[in-house]
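Chains as they are written, first to last, in our numbering: chain A, 11 to 103; chain B, 576 to 658; chain C, 3 to 196.
No wet-lab data here; the hints were simulated from the structure. One thing to keep in mind: the hints can contain errors.
Unchecked claim - Chain C residues, not near chain B, derived (Cβ > 10 angstroms throughout):
no.	residue
1	A76
2	R86
3	P149
4	R161
Claimed, not checked - Rough simulated footprint, nothing fancy, chain A against chain B, three-plus residues with beta-carbon under 8 angstroms:
no.	stretch
5	580-592
6	635-647
Unchecked claim - Just the calculated beta-carbon pair ranges, DEER-fashion:
no.	chain 1	residue 1	chain 2	residue 2	range
7	C	N32	A	D37	15 to 21 angstroms
8	C	L70	A	R68	20 to 26 angstroms
9	A	W29	C	T91	53 to 59 angstroms
10	C	V66	A	L18	25 to 31 angstroms
The C-beta atom is built at its ideal place from N, Cα and C for all residues, glycine as well.
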Amino acid sequence: MVTGLSYLCIGIGVVFWLWGTLPLLGDRSVLFKLHPLSVSDTLGSMSIVFGLLLKIPREWPLLILALLSLALWNTMLSYVMAYCVSREDSDDH
Amino acid sequence: MNLLLIAMTLILLIPLYEAWQDDDIWQKMLAFASVASKTSIMILCISVLRDDWMIGVVGVIILSVGNAGFMLLAHLIKRITLQ
Amino acid sequence: MITNLPEDLYLLVIVALLPLSAIMLTVQVNPYNALVIRGILGAVAALVYSVLGAADVALTEALVGTLLAITLYAVAVRSSLVMRVGVLTAEVEADPEKFEAIYDQIRAMLSTRYLRLKVLSYETRADLDAALTVKELHGLCLRSPSPQPDQPPYELTIRLRSLHDLLSTELPHQTPPLTHLIPPSSTDTPAKSS
């Protein structure tokens, strides 16, 4: 039961990854690609880590740390990236 | 788990291809951010698969420190391209 | 479920990423793009090392190989790939638009080799010559002392032979040429310093 749930979480995470990464291939602006990448990549990664947490609850401090650093860093990263890009070509979009 | 890891590796090929074919530096940086977070999550997956605590610690450190380094690099490149 | 799959197939797939990203790095021409690809190579290498069980090597690769190396490399690329040109303050103030056009033309010529242009202005001609002698500058951009009717009124003196060769191949593509090139004097050896 728990094993199935953890595989389900990891599978959902992989689908989120695919969904967030596929827009990278298009010929759109950086900000357009940044949005799906930051949102669904972070959600997918968190879902994968949650699945791993269900699989081996013994390693919880490590995986909780991974979840926290994912949530904090990736959000901050997307803001920094958007700031850097928008300062460069503010007349482009 | 084997199949899931192979699926993750195949997804990892998408940003790699994007970094190779796009000449804009910010598109490459975006692909780099994607690759960096994906590889560290894959390291975590492998640590759970093998039940190896040491690899897991390395994965978490790469996840947090790698992101910090990425921000540093983004600011440096912004300074360079703005001149 | 597929049962005849080898148990360590994922190992082979992941390890195959390393030569792929290494080839990607070696075919890059632009140094800034190579910098970013080096970061990707570092991330993939850390993944491969930890898959193969070398957690300490993976940590070192991520911290030193990716973080420290690309930061130092960015600083090195930024400070070395630059051409410093000296101008006189009085001449620039007399005709700023003309000088902006000249800078744009030099930037366009340098951009084929991913060089940047840095303009330094000096008060007197003596300061300018002194800066060129101590190799603070790579070139001077001045109004010609004896303008020829068939030549542009500004001259670009280049100290380095290699830089002069690069600019002289690119200058005919710029229309109309705003400057003409003065080659380095023969006593000046082709210095490598930048």
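Quick rundown of the hints versus the structure:
| no. | hint | result |
| --- | --- | --- |
| 1 | A76 | violated, 5 angstroms |
| 2 | R86 | holds, 13 angstroms |
| 3 | P149 | holds, 31 angstroms |
| 4 | R161 | holds, 22 angstroms |
| 5 | 580-592 | holds (count 6) |
| 6 | 635-647 | holds (count 7) |
| 7 | N32(C) x D37(A): 15 to 21 angstroms | holds, 19 angstroms |
| 8 | L70(C) x R68(A): 20 to 26 angstroms | violated, 34 angstroms |
| 9 | W29(A) x T91(C): 53 to 59 angstroms | holds, 57 angstroms |
| 10 | V66(C) x L18(A): 25 to 31 angstroms | violated, 38 angstroms |
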